[in-house]
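Please put together the full structure from these sequences, using the hints given.
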Amino acid sequence: MKTHIFAFTLSVVLCLTARAGLKWDQTSIELHPAAADKQAIGHFKYQNTGDKPVRFKSVRTSCGCTAAQTQKEEVPAGEKGEITATFNIGERTGTQVKTVTVETDDPANVTTVLTLKAVIPQQLDITPTFVFWGQGEAPKPKTIVVRAAKDFPVKHLKVTSSSPDFQAKVEETGNGQFKIDVQPQETTRSIASTLTIQPEGSPKIFYATARITTAPAIQ
Amino acid sequence: MVKSLLVRQVLILAALGLVPGIGQAIYFRDKVSWRSPVPASEMVTVTQARAWGENAIWVDARPDSEFARDHVPGALPLNEDRWSELLPQFLAAWSQEKKVVVYCSSQSCNASREVARRLRNEAQLKNVFVLEGGWEEWLRTNRRNLKWLNR
Amino acid sequence: MLNDRRPVVSEMNEPSTLNSQLSTIPQFVWRIADVIVGGVFIYAGAIKVLDPIRFANDIENYKILPWTIGVGLAFYLPWLEIFCGLALILRRLYLGGLTILTALISAFLVATIAAKIRGLDITCGCFGHVSQRWNFSAHLALDLLLLAALILLLFRPGRDFRLA
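Residue numbers (our numbering), protein chains in the order written: chain W, 1 to 219; chain Z, 1 to 151; chain A, 1 to 164.
Just so you know, the hints here were simulated from the structure itself, not pulled from any lab data. Ideal placement from N, C-alpha and C gives every residue a C-beta, glycine not left out. Mixed in with the good hints there might be a few duds.
[To be verified] Chain Z stretches covered by chain W per the calculated footprint, using a threshold of three residues with CB under 8 Å from any CB of chain W:
(1) 19-33
(2) 83-94
(3) 105-112
[Claimed, not checked] For each label pair, taking beta carbons as the anchor points, the in silico distance ranges come out as:
(4) A:Y43 - Z:I22: 34 to 42 Å
(5) Z:Q89 - W:K155: 29 to 37 Å
(6) W:V145 - Z:D30: 27 to 35 Å
In structure tokens:
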């Protein structure tokens, strides 16, 4: 236990000493991009409160979807600046936490970890996004449940199947929830269809896949 | 007097907690990895995944540019930049008996875990695994095997 | 409580003012305090025992300990809390239980404050995910309250060490 307390205390001491040199306004930013946003950008502002210039040795991001940029390589004493971290939302969902690790030549504060948290709004929750039947399986309908987010009212859902081999029927079950019953005409051939799910009045399109797989279904 | 009593009591309690703690750790041994924050049963090593041979579908969770440069032979791209476009292509190659092995660049990358999570939760696929060490580890194992063959 | 600082003229071994004030509290109140504090820790431990993997992830969020140690603690600490809580209620190994719990809550306080200073987002606490929606000050207040209660119990006057 003693060693743990020691570790905790040590980390606190390290945090406190880390206040010298580059001083960050905040090392953690939470962003709430809009549904249509392609990128989420965090600005990490700093000031060199020490009396010597500080050089950035490296700035690394935790994943390929994040890019970080420094305005300058060296920060003269007293000067302010910022590191911008750009997070490409792509088709990511949920809460994404990405880190930017900044290394400087400031002996009191060699590495700083900046955290960029993006809460990506999810308008529709579709489970499952994939329904399948094994070859020869009875062509019974399978259900996909669609839930709309609270702040995203959906009155009507338009579902189209890219292939006539599958039929999709939408039923509103109330409370912003829908049921999509997908049924194949037959299960003898390996066929697939992309289901396009579009809430009324929304430019955003969601997808689900229906397929007859080659192998017989494992029951 | 009080002090030695105190030390004894602390030690007894500390030991008492250890017994069910170890028991639970053994019970959960398949559900958690002691090396990285992903349950052990959802991770797979390069050697293990290779042994699956044709039964495995390899999924590359890295960005398109990295996939274009090089990837595990036969791997399908499935990243979150173009999820809805790539997912149907992957699902077309998938079948029930196959095991899905998702990888990204290295041990520390998170993309493979995210992709695996979505395949499990959203597409509700079973047998989805994250490759331990990712692409880097795959390359390393490859080099090791080559060296061994050349000897 | 401590503003009563008149010089004590009488014998040296007379109990201090705080102590004498505390000793007027009837024994059953102390017992109730034992049960409440013990119960809180048993509850906190039990929640985490049910989902040690989640607790391990919570520890990981603090970014203080390596994952391996975090996993080990996730299996161990909840049980330790439960046993110490039981020690308080059953009055067996009482002093040991109090000491361990005081150390645990202090360590937790330090970790919480450290996480706050470093700007980490900790969606967790000593009550596992029950406390997920609590804010930082609620966390801190509860921890401080528990710490205060533990310290009071630790220095409770007339405690029989042999019973302990």
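Status of each hint after checking the structure:
{"no.": "1", "hint": "19-33", "in the structure": "violated (count 0)"}
{"no.": "2", "hint": "83-94", "in the structure": "holds (count 7)"}
{"no.": "3", "hint": "105-112", "in the structure": "holds (count 5)"}
{"no.": "4", "hint": "A:Y43 - Z:I22: 34 to 42 Å", "in the structure": "violated, 23 Å"}
{"no.": "5", "hint": "Z:Q89 - W:K155: 29 to 37 Å", "in the structure": "holds, 33 Å"}
{"no.": "6", "hint": "W:V145 - Z:D30: 27 to 35 Å", "in the structure": "holds, 30 Å"}
Checked against the numbered hints above, the structure breaks hints 1, 4 and satisfies the rest.
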